[in-house]
Every structure is written in structure tokens, then in C-alpha cells.
Amino acid sequence: MHVILFRQEHWWAGQSVVIYIVGSFFTWTIVLVSLVDTSPSPTFAQLYPWVLAVPLEVVILAARLTLYTRPHHEPAIGDPRGGLYRKNITGWELTEVSIAIVRLLDLVGIVLLYTFCSVGWMANRNGEGDSTETTRLLSSGTGLNNGMNGNGYGSSHQNSKPHATKPPETEAAWVRPASVPSTSWWEYLSGYSIFFPYLWPSKSRRLQLTVIFCFTLVVSQRVVNVLVPHQIGIIINALSKSGDDSEAFYIPWGGICLYVFYRWLQGNQGLIGSLRSFLWIPVSQYSYMELSTAAFEHVHGLSLDFHLGKKTGEVISALNKGNSINTFLEQVTFQVLPMLVDLCVAVAYFGIAFDVYYALVVTLVTFIYLYVTVRMAQWRAEMRRQMVNANRQEDAVKNDSMVSYETVKYFNAEQYEFNRYRGAVTDFQRAEYEVLFSLTLLNTTQNTVFMLGLMVTCFIAAFQVASGEREVGQFVALLTYMAQLQGPLNFFGTFYRSIQSALINSERMLELFREQPTVVDGPSASKVASCSGDIKFDNVKFAYDSRKPALTGLTFHCQPGTTTALVGESGGGKSTVFRLLFRFYNATSGNILIDDRPVDTITIDSLRSHIGVVPQDTVLFNETLMYNLKYANPLATDEDVYAACRAASIHDRILTFPDGYETKVGERGLRLSGGEKQRVAIARTILKDPRIILLDEATAALDTDTEEHIQGALSTLSKGRTMLVIAHRLSTITTADQILVLHNGQVIEKGTHEQLLSMRGRYASMWRKQIRAQRAAAEAQVLQVRAERLRTASTAAGGDDSSSQSDEDHPNGDETTDPKPIRPSLGQRSSKISDAKVQSQ
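Every number in this note's numbering is 50 more than the matching position in the sequence shown, counting from 1.
Treat the hints with care, since some could be wrong.
Computed beta-carbon distance windows for the label pairs [to be verified]:
| no. | residue 1 | residue 2 | range |
| --- | --- | --- | --- |
| 1 | Ala828 | Tyr692 | 34 to 40 Å |
| 2 | Ile80 | Trp303 | 34 to 40 Å |
| 3 | Ala533 | Tyr421 | 30 to 36 Å |
Only pairs whose alpha carbons sit at most 30 Å apart, straight line, appear in this in silico DSSO-like list of lysine-lysine [what the hints assert, rightly or not]:
| no. | residue 1 | residue 2 |
| --- | --- | --- |
| 4 | Lys448 | Lys360 |
| 5 | Lys459 | Lys714 |
| 6 | Lys598 | Lys586 |
| 7 | Lys680 | Lys577 |
| 8 | Lys819 | Lys800 |
| 9 | Lys800 | Lys598 |
| 10 | Lys360 | Lys137 |
| 11 | Lys591 | Lys680 |
| 12 | Lys738 | Lys714 |
| 13 | Lys459 | Lys448 |
| 14 | Lys769 | Lys800 |
| 15 | Lys577 | Lys769 |
| 16 | Lys586 | Lys769 |
| 17 | Lys714 | Lys360 |
| 18 | Lys360 | Lys459 |
| 19 | Lys591 | Lys800 |
| 20 | Lys577 | Lys598 |
| 21 | Lys738 | Lys769 |
| 22 | Lys819 | Lys598 |
| 23 | Lys738 | Lys577 |
| 24 | Lys591 | Lys577 |
| 25 | Lys738 | Lys586 |
| 26 | Lys360 | Lys680 |
| 27 | Lys577 | Lys819 |
| 28 | Lys738 | Lys680 |
| 29 | Lys448 | Lys714 |
| 30 | Lys586 | Lys800 |
In case anyone wonders, no lab produced these hints; they're calculated from the structure.
Remember, predicted model here, so these are calculated numbers, not experimental data.
Built from N, CA and C at the ideal position, the CB exists for glycine as well.
Generate the whole structure from the sequences, applying the supplied hints.
Printed below as a string of C-alpha cells:
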């Protein structure tokens, strides 16, 4: 304002004062904007600058008073001696000092106010009492995993007790976050430090030296970026001087060749950039290998509660994002950091080679450009996150539909699946539209900010060239460097968005790494070399959810080499016994012992090596039969595989396949029948040669002939081994050494088949119901066969009288020609006497 009012007097504050005023205005503007963006209540982060500003303002105020109260010249344009001579302070100077005093008083006031409020708040807090004396050591919440086992599926800590109150509801396992967490950028980025051990090539000294050399090349690129516009200015000045001197003919061949050489080195496509990209390839591959394999191994190491609560499609999508971290690292290292260095070098270069005003303009443009970019990118972050989540949901719908192909066909639900996928694509495109629109707006705003800065710079440079202060070559060098500076600034928005995208894509992998297994080896756990198969459950209690116990004091003992069957209604705890024994979960209380050793004192891998499982629904890899069979024992020979398949009654069946043991079984083994998959599972268990076998209703959904083959294979498998069997068909367990009837997580009946029948309890009732159901099914099948025979005979005879006469001569012919009844299984044969006993009772 002083300059405008007294321009006829050529009054000028001087370069230093102008830089100070403009810089202060810009700095306080940034502070104001940051305060507007933050929460209303101040924090220590704002108190520290206030406290630091007080002594600095005192120093500046003292310097002004010292200068203005003494005789001095006012600054003037073009006069190095200054303008009017003043003996006392002027009105404008008094105004400036007054403003400084007001600013100092404001700083002191807010510091005192903050201190007073903080002391009062601390006093009130102390008056409420010591939190360590009033707060319980263990809160009533369910802790990290909600209840005993993490939202219904985790494992609990030993000796924990169920809560009497209803636990707070928490999100299901691994729920996708709906929005960005409200943390600072530093806190947000520090969470990604978990990936650093996988990104830094700590296992290779050669790669470490390569990384250092790549950073050296990056520094060299920064130097070349300064030399290119400087060399252009030298060439222009040389040509200008040659043109002014009509008698001289001079072409700066050396300068031109040097410029071309610099351009050959410059940029990511130049020699230095290409060499850096080539050397970085093995470093990037190392990081991808380490991170991807670590994530894959980590997911396999997670407990069953995680895998039961996840969506396979989303986990696979998260695992596929391992390259996003590499992208983030490479862009930050070789694009963002060099760009920031370029900006700092540009400010220094303009300040030294040109003028401080140029450095000020470049600084202002850079900060405004970066601020606008960051703010708009933060605004776009949630849009981008929604688009990524929509894309993941589209992949999940696609994956679920493909995996459930047969189910879709069974229910004729193709149109429903088409509409569901079309809806997922529509949601993705709607989110994508918002992202692309905001991107266009961001690019326009960025370009406007830079063009305003370029306009101011060109005005200053043109004025100085016209007044003879600068040469034309310097003006051209200035424009060249500004154009060169526009590239990093324009790409900063791209880099920022790319980095933001990489971080968002990596969030799911970060969540994977933050997931921890709920069942791990204890500090005193050790391997077990051999196992006889002695199993004891001693008052074992367990609950998936603290509100509904699964086992309530389960106790039983399995002698080595015996077969124990678990029966009871669904939800009685049979499958839970298997999961606890296999260490998928930890018991809430009680002891599970193998050969008189608690299972938590045995390493998980060692324990599972002695346990074989034949599940009800066998899942095979989409590989050959030989691959699936040797999966249990990779060291097994082909002869070992053949012997195991003969024992499982599947060898001859495999040989009938066109490709034999090299037959591909299809996705999850769908090209094999249920009986074939079960016998492959039995053969695989034989190859593993465990001492304990868990049989989870392996014959529940099979026909009688197939069941008889499998029962024979199981008889071979159980010799000399401890077998636990979950059975719903009681006829398959009549020869078991002991049968445990489970109800509400407890053993309510125990004994052999005959002993339990004589008790006339729950087991006997279940047996009678199944016998009636089997007899009714057999009679229905006989009637169906008779009806089919009569229909066939009637069609063939066509009403012939001789056929009718034959029926009259043999009134019981239908009965004598009935097919043989369905052959009973091994268990059914041995249960005929027991059946008779039950009927008589």
C-alpha cells in the first residue's frame, strides 16, 4: 500500500523487506488454512510453534525499534543511498511496529490461555481419582476377538471364563473398511513399516550395493536437469553476440554438442534413467518375491477362525496386490523424492543464477500447487477407495459364481447371477465415473496454478531483459527451466494418485499381515518323535461364542489301537472334538492329552504329523491323481502309492481311467465320484501313516456297494491305529470298541453297541428310528422294483392271455423272482442279532 500511494516518490521497501512480507503472508496463510482443516481444540503440535514464535517476534520487534528510532534513509528505487532522510519514526513505520506488537501480544495471550486451560483440565482429571485405582485390570469386554474365540470362531486364552453379560457386538472377521481411518499421514504411513523387512534386500549384499548405486544415479540426474537449461542459455548468448558482430562468424559447436550430450543423459528415457531402471529390476523382483511369499505363508499360518470368516475372492485379491507395495516403493524412491529435490534445486538455482524474486515465485507456485494437489487428492481418496472396493466386490461376485457353477445350474439361477454381476459392474462404473470426473477437475486446477506462476515469472524476466538487466539467453534458460519444472509438478499429481492407489490397494495386504493366528505353539512346546495313539479328554470346555458353549466338561479316553465312535444330534460337539484334537482351536479349560502329554506342550506341526483326517467332503487339487496321492507323503514311491490304493480298494478303478494315475481330477476333484474321492482320501491317509485317524462321516452320502468297499478299506486303515469316527449311520459303527453319545457337549452314554442297546437310552432310540427308516426304504425299493417289472412285462406281453395264465399258475411268482435285497455293509451284517434284540425288547 505504501508503494502504491508514494509511487511518484519512487518509494520502495527493498528486496529483503518484500521477500519477508510476501513470505510471511504466505506462511501465515498456510498456518491459517491448516488451523481451519484441524479440529477446533488446539494441541501440543500448535503450542510448540506459538512458544517458538514469541522470542523470534521479540527479536524482530527490537530490531525494528532500533532501526526506526535512529536517523535513517527511507528506501527508494534506483538510489543506492536511499530516499528521504528521517530522524524519527514515520507514520508508516509506527504502523508496522504496532502490528508487530499486536502480533506479539496475540502469541503471548494464546500461549497463556492454552497453559491456563491445560492446567485446569489436568486438575479436574486428577480430582476424579487415579485411574489405576478405579479401573479394573481386566475390562468386561471380550477383548480383541470378542468372546472366547474371536467372533465365534477364534480360540481363547487358557483358563478364561465366560462372561455373564452380553458382549459388545463387533464386526465379523476381516470386514472391509468402509472409509479411511481418521489418523495422521505419518501414523497412516508408519503402519506400512511392517513391509520394510521384505522390501530391503537384506539377504543379498550385491543387491544392497545396487540400491546405493541407483541412488547415486538419481543424484546425477538432478545435476543434469540443472545443466540442460543452463547450457541453452550459454548457446543463446553466444549466438546473440555473434549476430551483433557482423564481421565475426561464430557457431558454438562445442556448446551445442555438450547440450546434446546433456539431453542424452537427461530423463527417465535417457542413459542414466535407463541404466537405473535396468539395475533396479532384480531389486524389484526380490521385493516382490519376498513380500508375496511372506503373505502367502502368513495366510496359511492363520488359524481356522480367520478362514471360516473370510471371502476367498477378497483374500486372493489382497494377495494379488503384493506388487502395489513395490510400485509404491519405486515411485517414492525414483519419482517423488527426486521431484522434491528438483523443486528445492530450482528454488536455489533461481535465487543464485537469476534473482530472489524468481525463487520466491517458484516457491509460492510450488507450495500452492502441492497444497491444491494434496487437498484435492485427499478429497478424491474416498472416491478412489470406493471404486477399489467396488472392483473387489465385482471380482468376489465373479469368483463366487464360478466356484458355485453346479449350484447355479441346480437352481436354474443363471439370470439371477447375471443380474447380480451386472449390478456389481454398475456399482463399479458409478464409482469410476466420480473418480475420473474429479481427476479432470484436479488437472485443470493444477494447470491454472502453474500458468499463473509462469505469467508472473515471464513478466519479471521480460521487464529485466527490456531494461538491460538480463540477457536474452537467460530469459530462454528461464523459460526452459520453468517448462522443465512443469513436468515434475504435473507428474506430482499423477505420482500422488498412483501412490495413493498403491497404498489403498495395499491396505488389504496390510490387514492380512496384521491378522495373527489365535492358535500358536507355546513357549514350552516341543516335538514328539513317536505316538502310540492314547487320547484323553479331561473335563474339556469350549465355546465358539461365550453365550453358547459347545463343550461343557467333556471327558473320555481312547486306548491305543481302538476305534471310538461319536454319535449324537447335530450341534452336540462331535466336530468340535476333532477341531480341538487337531489344534484348530484351544480349549477354554480342561486338558486334552496325547500319550499323557497335554497337546499345548506339543508343537502343532509335530502333533498334526501323527494325525490323519478323512473328511466327509474330500477336496482334491486340480492336478493328477498321483499328485494328490503323494501330497500326503512327497517321498513316497509309485509302488507305495499303488500299495496304498490297493488297500483302499481304488487301484483297479484308477487303472480303468484312460490316463490312469495321471488323470486330472478337475476343480476340487469334481471329475471323480463321491466314493472315488473318499477312497483316494483313505489311500492318501494310508500313505501318511498316522497313528491317529479322524474319520468325519466318510460314508454318509454313499450308496451301499460303495460304502461296503470303503468300510473294507477303513478296516485295513484302522489296524494298529487309534480311530475316532463321527457317525450318523449307526449301522457303520456297530463293531467300534466304544461308542460315545454326545448331547449338549457332554458324554451322556458310553459303551459298545450291545451295551448301549441294553441301556434303552438315547442310543437305543436312535437305533430303532434308523432301523425303521432303513426297513421302510428297503420295502419302498422292493415295491419300486416290482412296479417296474410289472410295467415292463405288461409292455412286452401286450395283453397276451398266456402271460395271464402263467400268473395264475404261479400266484407267488413275484416273490420268488424278486431281486436279492440290498447287501448290508459290514456293520449291518454284524448288527442282525442286535436288531433282533431291539425288536424283541
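Exercise for the section: Against the structure, test the hints numbered earlier, and report the numbers of the ones violated in rising order. Expected result: 2, 3, 10, 11, 20, 27
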